[in-house]
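Chain A is fixed; fit chains B and C onto it per the hints.
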Amino acid sequence: MKYLPLVFRNLLRNKLRSLLTGGAIGLAMLLVCFFLTMPGGIDRLLSEISSNVRVSVHNKGGVVYDMPYAYVQRVRSIPGVAAVNGEVWFGGAFEEEAMVTFPSFALDPDAVQAMWPDYKIEPIALEKFRRQRDAAIVGRETMKKYGWRIGQQVSLVSTVWPVTLTFRIVGEIPNDRAPHFWIQREYLAQAMQAQDRDLDTVGTIWVRVDDPAMVPSVMARAVEMFRNSPAEVTAETEKSFFASFFGSLQAFVQIILVVTALVALCVLCIAANTASMAVRERSREIAVLRAIGFSRGVIFGTLVAESMVLATVAGGTGALLTYGFSALIRMLAGGSMGSNELGPLTGFLVTPGIVAQGIGLSIVVGLVAGIAPAWGAARRPVAEILREVF
Amino acid sequence: MSLPISYSVRNVRARLRRTSLTIAVIALAVIATAVFLALLSSLQRTIVSTGSPDNVVVLRKGSDNDGSSMLTLEAYQAIRYLDGIARDGEGQPLVSPEMVVQPTVRTTSGIRENVLVRGIEPMAFAVHDQVRIVAGRMFRPSSGEIVLGLGTVGRYEGAELGSIMPFGRGRWRVVGIMDAAGSSFESEIWADARELANDAHRPFPYSGVRLRFAPGADRAALMARIEDDPRYALEAKLETEYYAEQAKSSRSLYFLLVILAVPVGVAAGLGAANTMFAAVQARTVEIGTLRALGFSRATILRAFLLESLGVSMIGFVLGAIGTLLLAAVLGAVMGGIGFAAATFTTNVVTLRVSAGDLMAAFVFAATIGIVGGLLPAWRAASLRPVDALRKA
Amino acid sequence: MAEPLISLRDVSRVYRRGADDVHALEHVSLTIESGLFVALMGPSGSGKSTLLNLLSGIDRPSGGDVVVAGKRLNDLSEDELAHWRSRHIGLIFQFYNLIPVLSALENVELPLLLTSFDRRERLQRARTALDVVGLGARARHVPSELSGGEQQRVAIARAIVTDPDLIIADEPTGDLDAKNADQILRMLLELSHELQKTVVMVTHDPRASEWVDLVFHLEKGILKDTFAGAAGKDHVEPRGPAAGTPA
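Protein chains in written order, with my numbering: chain A, 91 to 480; chain B, 6 to 397; chain C, -11 to 235.
It is possible that some hints are incorrect.
What the hints assert, rightly or not - No farther apart than 25 angstroms at their CA atoms in a straight line, the calculated lysine-lysine pairs in the DSS-like style are these:
no., chain 1, residue 1, chain 2, residue 2
1, A, K92, A, K105
2, B, K242, B, K253
3, A, K234, A, K218
4, A, K235, A, K210
5, A, K234, B, K253
6, B, K242, A, K235
Hints listed in this document are in silico derivations from the structure and should not be mistaken for laboratory results.
Excised from the complex, chain A in its bound form (with noise of 0.2 angstroms):
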């Protein structure tokens, strides 16, 4: 448009001014959009480390009962069915601290492969998984949370077992967002044995289909398998598994929202602010563009769009600088984050899709607050505004 340019000359009139808006409404959807980079965080673990052919089973009344290990030899035969590893909690902590905070678990590690082709562990990580017993697999995330190498020992207290055992590191889950730390159970089987104790129970039995379209049938097999038994089973999928463990998250993240949308009606009273003023300051200038003979759409239209060019342009810019942001967030907040509760909340991830978000809220933002001020412009007779100066 043809008055584009005055738009511009206007902003540029006052620089302070619009220095002040431009910060305090980037700054504010700055946060907006990091807030927003939460309640992704757990779509997005389940679709990054879930599969849509593995399948869960574990002792109905809860994941922390249990269900005999002559089990998982039972499910193996279900038809359709891959793979098995029945899984156990091992339940690693460091000793001086004595609180868990990253999950391991003993398992087979000759059904590694099969179960988890898609973690995409070295091949030879998983031969000396096989053979060595003392051998570890960490997800990255966690080799990264403490500094770990390959080849490092590492010695962890169980919180459930009454055992003391030191690993060997030998490779790794190559994903940042995997903090598994796998160990085999042969090994833990052995240590309770050392004290006159039987490892014969199993936590978590994974099941790997053939064929996603087989998973109900396999899955209503299970539970049907041990029905009227001493411990009778649910199956699941990966995904609806792991979401369970977040589905107390919802609340918080219900209140993150809000707490989201309060920041947004924020930078909206900050553009509507300036706006006012502006407006508030050139009423005599405004009604003499009238006089000449400008329209009250014009006037109302360069009005607006003066609001909308400084949101967009401080929220746009705010959004970007989320990417920044929330990698210095990660850097800062590192270990400490990583063992609370919130778990993958704190990914802090930014997407195209949330910059987006945060970009068009920008835009409404400026032509809501641009809106009233505007009309008011707009609408009052010039002949009053001309009267009333001196």
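Okay, now just chains B and C, sitting in the frame of chain A:
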């Protein structure tokens, strides 16, 4: 000469309509941060208020919480009659053996959560004196009956007085409801210890023990005796310390609060600065006149700072009211807010805005007002009378 | 001269100020032929500015008819009036004429944005208008870099750039010193006599009556008196200190 406070007050009042949007900005900033702060401090309060400084938690060495511990009957018997433990009217030691299990239950909205079910013996009520049955009655042993903490009522399927609630391998009848003074115990379900251990296929009937110090007992000595016993690998911790450690893991949530508060505060401050700059601009002649009359720079500075502070205080009042309203609405709509605590089970937290939260909000708003108003006030104070008057 | 350019018939204007009704104009009737340089004079509060606003369509009468260039302004809607003004009227005010963020040239170009001329045409016409008032060299300067007299000349340039029938000026010399005031008045006189434009000016500068063809004297909203100015229809040399020749 000093300008009276009424100068600033009158100016704030005169400009009220124009500053209404800035006031709204500050109010919204206050609401956003105060509600979030209230959430976090409600969580902290719930956890930290749990436990008595006179109680001791005894667990297997190396377990970080109730749920992963186990205790033999012999160990329990060995602890019971140690010196330094309080006794009740009948001379029975105040030792509560407990079995903690964490089954998965379904909420009324279909979400699955892990609940802390504590298997107890009747002595538990004497040791945990925060807890009282306020509706129905205590369960009878070996009858499949349970009592619910207030926070669980209505949250889970079957969690009502008189209903049947399924978890673990069984179906349990709810016969009573307990109040625990807002502590974590209100998020728990209490059942008969042996019955629970059976249902969960536990090899031992108890996972841990809680006991109470006798008045004037040598606390350190008692705790040392428990821990040093070579027969059983046990560790003893003050109950308050035990819960304080759990509260620690939720402390990192405050990180998020800072991430929220700082940008919002700065943004609101910039907005306040904007308004004040406009005010200084509009009153250039007035300021010049005041300076010409002899008012010092410091006086002008202070007057404008006070004005900015005044605006932010109005913002605070509106924000405080808004916070209370929003917290009430959230509480009514969402009920208790679940946090999966370090114990792996869900802590049901009631969102409550405390005086401390409002105090923090006050400081927040005041800071916005003062810092935001500083540069404009500085500009006002730096005006030379001759320049200011010339602009007329 | 067939129809008079301007015709006011029994025009009144009442408006509210606070709790009172202000009778700015009471039953005023007058006509103005085209090509005249006219002054509306009177003490403050006499209604002359209100009358001016009615002539340009910025304001509406409470009673009576305002007919300009054959059009009854009462009949037009707000937007139609705005459009009509952009075609037929050039406006000059006492203060706040120019947009501070635009250069002199851009200010003069402003009314042309409402036309269908392309950019090249617009700038050419604007430049011509600026030359007429003798400020071609200052095209790029912003108002804050121009003196009061120069700002008013830019305002005049803007007023004529669309070649309107009627130029309306509200106290154009009110803020100027004697020398600049004479310069402006001379310019307005030349516009009216040499370019055949009708110029209606509100002023309380007593010198004005020496420059204009016709004076309408208002008092308390009533047209008290009408008399010829010193200029009549003939060009007369001004008395008093000589103003500089227009560039």
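Checklist entry - Failing hints, ascending? => result Of the numbered hints given earlier, the structure breaks just one, which is hint 6.
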